[in-house]
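Could you build all of it, start to finish, from the sequences and the hints given here?
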Amino acid sequence: MVELNFSTPEEIVQRICDRLRVERVAQAMTQGELAARAGVSKSTISNVESGHSVKLEYIVRVAMALGRSSELENLFLPSLGSIDDVNRYEATANRQRVRNKGSRA
Numbered sequence: 001m002v003e004l005n006f007s008t009p010e011e012i013v014q015r016i017c018d019r020l021r022v023e024r025v026a027q028a029m030t031q032g033e034l035a036a037r038a039g040v041s042k043s044t045i046s047n048v049e050s051g052h053s054v055k056l057e058y059i060v061r062v063a064m065a066l067g068r069s070s071e072l073e074n075l076f077l078p079s080l081g082s083i084d085d086v087n088r089y090e091a092t093a094n095r096q097r098v099r100n101k102g103s104r105a
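UniProt numbering applies: residue 1 is where the sequence shown begins, and numbers increase by one.
None of these hints come from the bench; they were simulated from the model. Values in this document were obtained by computation on a predicted structure and should not be read as measured data. Cβ coordinates follow ideal geometry from the N, Cα and C atoms, glycine included. Please note that a few of the clues may not be correct.
[Said to hold, decoys possible] What follows is a list of derived Cβ distance ranges for each label pair: (1) Thr30 x Lys101: 49 to 57 Å; (2) Ser41 x Tyr89: 38 to 46 Å; (3) Asn87 x Gly32: 47 to 55 Å; (4) Ser53 x Glu73: 19 to 27 Å; (5) Arg19 x Asp84: 32 to 40 Å.
Rendered as structure tokens:
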């Protein structure tokens with residue numbers, strides 16, 4: 001199944017940043033309070049919430065300070081819908097590289 005997604009990377013980052021801001025406000029926390037909990041500056045929180053110069057580390061720190069790190073930890077978990085999927089995943093879990101399909105190395 002092909003998943004069609006017409007969002008740009010920037011749009012996805014902005015939605016994540018917007019959600020972090022909404023979560024901060026829902027927890028009645030100021031940017032300064034969140035910055036102190038996350039171990040970053042208030043300007044970093046402001047930049048994250050506005051979607052400017054966002055590093056993944058900052059998103060992780062903010063999510064952790066908001067008690068929402070489990071959502072990040074669940075990113076890219078394997079999709080295991082059948083026994084065949086489980087077997088395939090286990091067989092490739094220790095593989096480091098994928099061979100180039102066009103070469104006979």
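Evaluation of the provided hints:
no. : hint                       : result
1   : Thr30 x Lys101: 49 to 57 Å : holds, 53 Å
2   : Ser41 x Tyr89: 38 to 46 Å  : holds, 41 Å
3   : Asn87 x Gly32: 47 to 55 Å  : holds, 51 Å
4   : Ser53 x Glu73: 19 to 27 Å  : holds, 24 Å
5   : Arg19 x Asp84: 32 to 40 Å  : holds, 35 Å
In summary, the structure agrees with every hint in the numbered list given earlier.
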